[in-house]
Amino acid sequence: VRGIYEPLGLSDVEEIIYQGGTMLGSSRTNPFKNEADLNAVLENIKSAGFDAIVACGGEDTLGVAAKLYSKHGVPTVGVPKTMDNDLNKTDFTFGFDTAAGVGMEALDRLRDTARSHRRVMVLEVMGRHAGWVAAYVGLAGGADWVTLPEEPLDVDAMCAHLQAVRARGKKYGLIVASEGTELPALDPNAEKVVDAFGHVQLGDRNVGEFLADAIQEKTGWETRSAVVGHVHRGGSPTLFDRVLGMRVGVKAAELVQNKEFGKMAALVGTEVQGVDIVEATATLKTVPPAFLELLKTTRK
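Counting with the numbering used here, you get residues 1241 to 1540 for the letters of the sequence shown.
I should point out that these hints are in silico values taken from the structure, not numbers from a laboratory.
A couple of the hints might just be wrong.
What the hints assert, rightly or not - Keeping only pairs whose Cα atoms sit at most 27 Å apart, straight-line, the calculated DSS-like set for lysine-lysine is: (1) Lys1458 x Lys1525; (2) Lys1311 x Lys1499; (3) Lys1307 x Lys1536; (4) Lys1499 x Lys1307; (5) Lys1273 x Lys1307; (6) Lys1458 x Lys1411; (7) Lys1411 x Lys1536; (8) Lys1286 x Lys1307; (9) Lys1525 x Lys1311; (10) Lys1273 x Lys1286; (11) Lys1273 x Lys1525; (12) Lys1525 x Lys1536; (13) Lys1536 x Lys1286; (14) Lys1536 x Lys1499; (15) Lys1410 x Lys1536; (16) Lys1311 x Lys1273; (17) Lys1499 x Lys1458.
Unchecked claim - Distance windows between CB atoms, simulated: (18) Leu1524 x Met1486: 21 to 29 Å; (19) Gly1382 x Val1471: 35 to 43 Å; (20) Thr1262 x Glu1457: 20 to 28 Å.
Glycine residues also receive a C-beta, built at the ideal position from the N, C-alpha and C atoms.
Using the sequences and the hints given, assemble the complete structure.
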C-alpha cells in the first residue's frame, strides 16, 4: 500500500531457515477493504516492475493474492505459511508443526503440575475456525478431552468423562481447548473487536478459564487453566517446518520461472505441487469427522 520495498540478496536470506517469526514483518492490512488502498497496491506493483508477487502467509494473505490474480491479473504465486494448518489443497502448512510442538511441550509441563497437585489442567491453544493445533496437541499429549471449533461443546459429557477417569483411579485430568471453541454461555450479540479481515479478536473470550470454572463447578475437582497464546508463534522452527518451508519456497520459485501464476506451492502426499490458489483459499480446511472420531477413540 505504501510502496515501500527492499531488494534482498543471498546474504540477507541465507540464515532465515533457523529463525522463527518472519523476517519480512507482518500486518493485518487488507487492500481490498477500500478502493484507494487497492489502487495504490496495483499502481505500486506496476511502477516497481515486479515480475511476480510471491505471497507467503495464511488464508487472509493468500486470499488477497488470489484476488489480485483472479480479478486484476497480477502474476501471483502463493506459499502456505500458517500455524493454523487450515489452507486447502495442501496437507500441511509450514509453521504448524512448530506451533503444535510448542503446545505439546506446554501440555507435558502442565501434566507434571496436574499430577503433583491432583487437579485438572485446561490448556487453551490457538485455532480460530480450525482446530488442527488443539487436535494434534491433544492427541500427542494424551489429553482426556479436546474441544474444537468443528464440533459443539458438550460440557456435561466432558465432565462425566472426567468423573469416570477419576473413578478408575487417575489422579489428574488434562483438557486441550481451541480458542475458537463455541461457548454457549457467551453472548453472540456482544460487541466484538475485529481486524481488517473481519476476524473477531479471541483473546478476551477466555475459553480455558470458562471450561476450568465449569469443570470445577460440576465435578468438584480442583481445576486450573493456562493459555499458550502467542508463544506458539515464536522460537526455532522444527526440522519438519524447515524442510517444508525450503521445499515450498523452491517450488514457488519454479512456478514463477515457468510463469505458472495463480498457483500455490502445496504439499500433496510426499510431493510438492502447484495447486490453484483460488481453490486453495475458497474454503478453510477444518478437522474432518474421521479425525474427530480418532480423538474420541483415544480418550482414556
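Here is how each hint holds up against the structure:
Simply put, Lys1458 and Lys1525 have alpha-carbon atoms about 34 Å apart, too far for the 27 Å limit, and the pair is violated. Between Lys1311 and Lys1499, the direct Cα distance comes to roughly 18 Å. Compliance with the 27 Å bound is thereby established for this hinted pair. Taken as a hint, the Lys1307 and Lys1536 pair is broken in the structure, with Cα atoms around 39 Å apart against an allowance of 27 Å. Taken as a hint, the Lys1499 and Lys1307 pair is honoured in the structure, with Cα atoms around 18 Å apart against an allowance of 27 Å.
With a C-alpha separation of about 12 Å, the suggested pairing of Lys1273 with Lys1307 holds against the 27 Å cut-off. Taking the CA atoms of Lys1458 and Lys1411, the gap is near 17 Å; set against the 27 Å cutoff, the hint holds. Pair hint Lys1411 plus Lys1536 holds up; C-alpha atoms about 21 Å apart against a cutoff of 27 Å. At most 27 Å may separate the alpha-carbon atoms for a hinted pair to count; Lys1286 and Lys1307 meet this at roughly 16 Å.
A hinted pair counts as satisfied when its Cα atoms are at most 27 Å apart, and Lys1525 with Lys1311 qualifies at roughly 23 Å. Our distance criterion of 27 Å between C-alpha atoms is met by Lys1273 and Lys1286, whose separation comes to about 20 Å. Pair hint Lys1273 plus Lys1525 holds up; C-alpha atoms about 24 Å apart against a cutoff of 27 Å. Simply put, Lys1525 and Lys1536 have alpha-carbon atoms about 20 Å apart, close enough for the 27 Å limit, and the pair holds.
Proximity of Lys1536 to Lys1286 is assessed by CA-CA distance (about 53 Å); at most 27 Å being required, the pair is judged violated. For the given pair, Lys1536 sits about 46 Å from Lys1499 by alpha-carbon distance, which is inconsistent with the 27 Å threshold. Proposed proximity of Lys1410 and Lys1536 is supported: the alpha carbons are some 18 Å apart, at most 27 Å. Our distance criterion of 27 Å between C-alpha atoms is met by Lys1311 and Lys1273, whose separation comes to about 15 Å.
Between Lys1499 and Lys1458, the direct Cα distance comes to roughly 60 Å. Violation of the 27 Å bound is thereby established for this hinted pair. A hinted range of 21 to 29 Å for the beta carbons of Leu1524 and Met1486 is consistent with their spacing of about 25 Å. Under the hint 35 to 43 Å, the C-beta atoms of Gly1382 and Val1471, about 21 Å apart, miss the expected range. Taken as a hint, the range 20 to 28 Å is violated for the pair Thr1262 and Glu1457, whose Cβ atoms sit roughly 42 Å apart.
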